[in-house]
Amino acid sequence: MTGVQETVIYEKAMDLNFLDEVYHIPGGEKIKDCIQCGTCSGSCPVSWAMEQTPRQIFAMVRAGMRDKVLDSTTIWTCASCYQCMNRCPQEIKITDIMYMLKRMAMRENRKRSKNAAALSKAFFDIVNKKGRNHETSLMFKVVMSTDPLGGVSLAPVGWGLISHNRLPIFGKKVRDIDGLQKIVAKAQELGGE
Amino acid sequence: MRYAYYPGCSLEATGRPYQDSVTEVAKALDIELVELEDWNCCGATAYMSINEVLSFSLSARNLCQAKKIGDTLVTACSACYTNLRKTETYLADFPEIKSKVDASLAEAGIRYEGGITTKHFLQTIVEDVGLEKVKSHVRKPLTGLRVAPYYGCQIARPYGIEDDTDNPTMMDKLLTILGATPTEYPMKTVCCGGSLMGIQKDVALRLCRNILLCAQQGGAQCVAVTCPLCQMNLDAFQSSINKAYGTNFNLPIVYFTQLMGMAFGSNSKSLGLNQCIVPATTVMATYAS
Chain A
0 MTGVQETVIY EKAMDLNFLD EVYHIPGGEK IKDCIQCGTC SGSCPVSWAM
50 EQTPRQIFAM VRAGMRDKVL DSTTIWTCAS CYQCMNRCPQ EIKITDIMYM
100 LKRMAMRENR KRSKNAAALS KAFFDIVNKK GRNHETSLMF KVVMSTDPLG
150 GVSLAPVGWG LISHNRLPIF GKKVRDIDGL QKIVAKAQEL GGE
Chain B
0 MRYAYYPGCS LEATGRPYQD SVTEVAKALD IELVELEDWN CCGATAYMSI
50 NEVLSFSLSA RNLCQAKKIG DTLVTACSAC YTNLRKTETY LADFPEIKSK
100 VDASLAEAGI RYEGGITTKH FLQTIVEDVG LEKVKSHVRK PLTGLRVAPY
150 YGCQIARPYG IEDDTDNPTM MDKLLTILGA TPTEYPMKTV CCGGSLMGIQ
200 KDVALRLCRN ILLCAQQGGA QCVAVTCPLC QMNLDAFQSS INKAYGTNFN
250 LPIVYFTQLM GMAFGSNSKS LGLNQCIVPA TTVMATYAS
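Quick mapping for you: the protein sequence lines, in order, are chains A and B.
Residue numbers for the first sequence follow numbering that gives the first Met the number 0, beginning at 0 and rising by one.
Residue numbers for the second sequence follow numbering that gives the first Met the number 0, beginning at 0 and rising by one.
No lab work stands behind these hints: they were computed from the structure.
Straight-line Cα separation of at most 25 angstroms, DSS-like style, residue types lysine-lysine; simulated pairs:
{"hint": "1", "chain 1": "B", "residue 1": "172", "chain 2": "B", "residue 2": "26"}
{"hint": "2", "chain 1": "A", "residue 1": "140", "chain 2": "A", "residue 2": "129"}
{"hint": "3", "chain 1": "A", "residue 1": "171", "chain 2": "B", "residue 2": "67"}
{"hint": "4", "chain 1": "B", "residue 1": "200", "chain 2": "A", "residue 2": "120"}
{"hint": "5", "chain 1": "B", "residue 1": "67", "chain 2": "B", "residue 2": "118"}
{"hint": "6", "chain 1": "A", "residue 1": "181", "chain 2": "B", "residue 2": "66"}
{"hint": "7", "chain 1": "B", "residue 1": "67", "chain 2": "A", "residue 2": "181"}
{"hint": "8", "chain 1": "B", "residue 1": "200", "chain 2": "A", "residue 2": "140"}
{"hint": "9", "chain 1": "B", "residue 1": "134", "chain 2": "B", "residue 2": "118"}
{"hint": "10", "chain 1": "B", "residue 1": "67", "chain 2": "A", "residue 2": "129"}
{"hint": "11", "chain 1": "A", "residue 1": "110", "chain 2": "B", "residue 2": "200"}
{"hint": "12", "chain 1": "B", "residue 1": "67", "chain 2": "B", "residue 2": "26"}
{"hint": "13", "chain 1": "B", "residue 1": "97", "chain 2": "A", "residue 2": "181"}
{"hint": "14", "chain 1": "A", "residue 1": "120", "chain 2": "A", "residue 2": "67"}
FRET-style restraints, in silico, Cβ to Cβ:
{"hint": "15", "chain 1": "B", "residue 1": "37", "chain 2": "A", "residue 2": "26", "range": "26 to 36 angstroms"}
{"hint": "16", "chain 1": "B", "residue 1": "273", "chain 2": "A", "residue 2": "108", "range": "41 to 51 angstroms"}
{"hint": "17", "chain 1": "B", "residue 1": "26", "chain 2": "A", "residue 2": "72", "range": "38 to 48 angstroms"}
{"hint": "18", "chain 1": "B", "residue 1": "132", "chain 2": "A", "residue 2": "19", "range": "50 to 60 angstroms"}
{"hint": "19", "chain 1": "B", "residue 1": "26", "chain 2": "A", "residue 2": "164", "range": "16 to 26 angstroms"}
{"hint": "20", "chain 1": "A", "residue 1": "108", "chain 2": "B", "residue 2": "132", "range": "50 to 60 angstroms"}
{"hint": "21", "chain 1": "B", "residue 1": "172", "chain 2": "A", "residue 2": "157", "range": "29 to 39 angstroms"}
Stretch by stretch, here's where chain A covers chain B in the computed footprint (C-beta under 8 angstroms, at least three residues):
{"hint": "22", "region": "95 to 103"}
{"hint": "23", "region": "192 to 198"}
{"hint": "24", "region": "233 to 245"}
These numbers come from a predicted model, not from an experiment.
All C-beta atoms in this analysis are idealised placements derived from N, C-alpha and C, irrespective of residue type, glycine included.
Start from the sequences, fold in the hints, and give me the full structure.
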């Protein structure tokens, strides 16, 4: 594809509402101040593993490339280490905006969000039921829902933790689980963005 | 000294040795840690990817439980710490978020009033207890032990401790007081990959490989950590790293509280040192004598 063709497609794919959605989150408007300096990409410990670097993602957000951004694996490679946000000269809440893009992708069931969504969902289910995370169940659920066969390679890691008494069979539960579940239900209703 | 204390879920499982060593150290330094009543999970990084209001509501509930005990909440987990600090900040700065969190908490009859400061246990030790007092408790100085001070990412970030964000020195100073030698360690605050170990393992393994390699090149005999997830990634996955990269790392990954306990003369079992997967007891026994 030539550069011109690519530009044409990009313009067709522009979604200006996307920008509004991003500006809407607390602190989101700061993205208008992005000067494309690349400090985020240079600081990111995982930019080498990303489809697009953080700087590119932010240029794409501002160009209204909704599908391309939400289908990028970049947002899921972000480990939330906050180094970009620490160093951004324009004080953009980069990590927090990445979180918002993750939420949008997950809500829209974007295909490439599958593994990360499985982890978040497994985590959510456990905490919603018990009020606390039970790491043993979490590890098991994630492996079973993402890569049951590949999970075999994790057996030595699991055994290492079990044999050192670091993976208890039973987890603890919040006593006022009813109250907590009410909070969760309301927050889910209000946090739909 | 009396504080509200939030252990977090990891400290009941993979991070159990962290909890045990925090307890030992607190006892030695006369710090009273009052565990929050009926605390819940902070939501880690997973909740923030699902629903922001929900994530803030979970931490806000814990902050409300803390307020019943005092004005300062202490936690030793860097991820819990970041979530609690982020929640304080967002609820203070963004009224639209606060009103949604308030409405959610109201469902359980809880009211968030703020006025809570969250501190990482490392801060409590260095800033509140003070290095002089720590020094007075050292019975078995860790003389000659070379330790890579690995702070991990979240503790040194926008919602983190007030220290140099790229080159924090809080733990370096503590290690020195214990008699150990902090090594030159440029990767102090580079991320270990966190929960990427569960979803993009190759990426996380490479990050951890680099963290270990850098420690080894600096001549470290062990790596000191402040976060249960860093500990698990570097310790439980060290053999996976060796397999993937053909390396032969054999670096014990210990909590700074375990090093403190050793220097204070606690026995290694009560500090959970025998629960390190890469054996740590031999190195520790050699130096804490």
